[in-house]
Amino acid sequence: MIPQRQDFPNGFLFGAATSSYQIEGHAFGGAGRTHWDDFAATPGNTAGAEDGAVACDHYHRWEEDLDLVAGLGADVYRFSTSWARVLPEGRGTPNPEGLDFYDRLVDGMLARGLKPAATLYHWELPSPLADLGGWRNRDIAKWFAEFADVLCARIGDRLWSVAPINEPWCVGWLSHFEGHHAPGLRDIRATARAMHHVLLAHGTALQAMRARGMENLGAVCNFELALPATDSPEDEAASRRYDAIFNRFFIEGMTRGGYPAEVLEGFAPHLPQGWEEDFTTIGQKLDWFGLNYYTCKRIAARPGPWPGYAEVPGPLPKTDMGWEICPEGLHDFLARVARDYTGALPLYVTENGMASTSGVQDDDRIAYLAAHLAEVRRAADEGVPVKGYFTWSLMDNYEWALGYAKRFGLVAVDRDSQARQPKASYHALAKAWAR
1 MIPQRQDFPN
11 GFLFGAATSS
21 YQIEGHAFGG
31 AGRTHWDDFA
41 ATPGNTAGAE
51 DGAVACDHYH
61 RWEEDLDLVA
71 GLGADVYRFS
81 TSWARVLPEG
91 RGTPNPEGLD
101 FYDRLVDGML
111 ARGLKPAATL
121 YHWELPSPLA
131 DLGGWRNRDI
141 AKWFAEFADV
151 LCARIGDRLW
161 SVAPINEPWC
171 VGWLSHFEGH
181 HAPGLRDIRA
191 TARAMHHVLL
201 AHGTALQAMR
211 ARGMENLGAV
221 CNFELALPAT
231 DSPEDEAASR
241 RYDAIFNRFF
251 IEGMTRGGYP
261 AEVLEGFAPH
271 LPQGWEEDFT
281 TIGQKLDWFG
291 LNYYTCKRIA
301 ARPGPWPGYA
311 EVPGPLPKTD
321 MGWEICPEGL
331 HDFLARVARD
341 YTGALPLYVT
351 ENGMASTSGV
361 QDDDRIAYLA
371 AHLAEVRRAA
381 DEGVPVKGYF
391 TWSLMDNYEW
401 ALGYAKRFGL
411 VAVDRDSQAR
421 QPKASYHALA
431 KAWAR
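Taking this note's numbering, the leading residue of the sequence shown gets 1, the next gets one more, and so forth.
Quick caveat, the hints were computed from the structure, so don't treat them as lab data.
Only a predicted model underlies this, so the values are computations on that prediction, with no experimental measurement involved.
All C-beta atoms, glycine included, are put in the ideal place defined by N, C-alpha and C.
Be a bit skeptical, because a hint or two may be false.
Unchecked claim - List time: in silico EDC-like cross-link candidates among lysine to aspartate or glutamate, alpha-carbon distance up to 20 angstroms:
| hint | residue 1 | residue 2 |
| --- | --- | --- |
| 1 | K387 | D7 |
| 2 | K318 | D364 |
| 3 | K142 | E89 |
| 4 | K318 | D363 |
| 5 | K115 | D287 |
Unchecked claim - The calculated label-pair distances, taken between Cβ atoms and stated as ranges, are:
| hint | residue 1 | residue 2 | range |
| --- | --- | --- | --- |
| 6 | G308 | K431 | 45 to 51 angstroms |
| 7 | A49 | G73 | 37 to 43 angstroms |
| 8 | D131 | A310 | 30 to 36 angstroms |
From just these sequences and the hints, can you work out the full model?
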């Protein structure tokens, strides 16, 4: 059974999350081209060559979708904004239709009693900036601050919270080292620079928003429990390297003013000149910290160049992504982040959910959510300052390189008619979150 609202501390917030390119329909409303459009147009990069041109048509159906969020009993709607929708060239003249859309969207949330929790960037870089090197170019920090300022001049007065960048690991490592996401590179030098510049842009965006007097600004990082495949010293060392890259690099840059030694082993020759001087900007004050958590990974040592590891299958039940279901890892990260990095700062679980093929009667998703919410409640009972939980995702959507086949939603979306149908998990959460 899913833990009930009354099982959590007073004031604990529940919500659902989405992202712009995955649901809006990027072909609409004067949005500019993004590197995801380019990546998807390249044969072999995405399942079925699918892209976000139409997605869930949220651009036209946003009122219906906000009604679904409200009907869920949610307190918060975590959404993201598209840089290329607001600034089609990435810089310069804003797109009035894009600003108007986010204006309507935020007002629609407030009219339904929902707290608007914005993420400025969820991976859809404007193509003209990709042409200039994208995240490899240090200038992206000032370009991103300009975007933050333009957007927040329009809607910043009504936002409950803002995080600059969703899951920096995906923006930097997954996209520039592993090549699975746009821009699809496999280049250690590009990766080192992108990961550092993502943090620098995080800091400049916070500065721009603070200059406007905005508050409740935070950060969102993804975490995976790194478990050694065996108890050999080699596998244990490999899992520590994985943990340093995935779990420690970004949060330590934000909170400790440095990078883990295990990452510098590989990155030191490739980081941009003067990188050590950027931590004053990177380490801007945070009002809260968000954790995205889905799974654990089993890590084995492998011969070859740094980082010298590989993921191997584990024994636990798996989601349709092939990810092990490991709820206790969420508790462990909430406790670890508070203990080692953020202290009394409010923590939020900003994403947690599963891909499933079970359709509308998604009992497996209900079990997944129940187990993870129980771990959140356990952390709260132990005094960890966790203040909210937002599930991923409101609706089935564009799952990036995997196209539309992986279904994370509480609401099913028919690809032809765009009709929405709440799943059993939606109704189960609505019952649990009832006031």
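Note to self: Hint check: K318 vs D364, CA-CA at most 20 angstroms. Holds or violated?
What the structure shows: holds, 10 angstroms
Next item on the list: For the pair we were handed, K142 and E89, check the Cα-Cα distance against 20 angstroms.
Entry: holds, 14 angstroms
Next item on the list: Please work out if K115 and D287 have their alpha carbons no farther apart than 20 angstroms.
Entry: holds, 16 angstroms
Check: Per the hint of 37 to 43 angstroms, is the separation of the Cβ atoms of A49 and G73 within bounds?
Finding: The hint (37 to 43 angstroms, Cβ to Cβ) holds, given that A49 and G73 are roughly 38 angstroms apart.
Notebook entry, point to check: Is 45 to 51 angstroms a correct range for the gap between the Cβ atoms of G308 and K431?
Noted result: holds, 48 angstroms
Margin query: What's the verdict on K318 and D363, does the C-alpha distance respect the 20 angstroms limit or exceed it?
Written below: The given pair, whose Cα atoms are some 14 angstroms apart, holds under the 20 angstroms limit.
Checklist line | Hint check for A310 and D131 - Cβ pair distance inside 30 to 36 angstroms | finding: Given about 34 angstroms between the Cβ atoms, the range holds.
Item checked: Distance restraint between K387 and D7, which requires alpha-carbon spacing of 20 angstroms or less -> Holds, at roughly 13 angstroms.
Checked against the numbered hints above, the structure breaks none of them.
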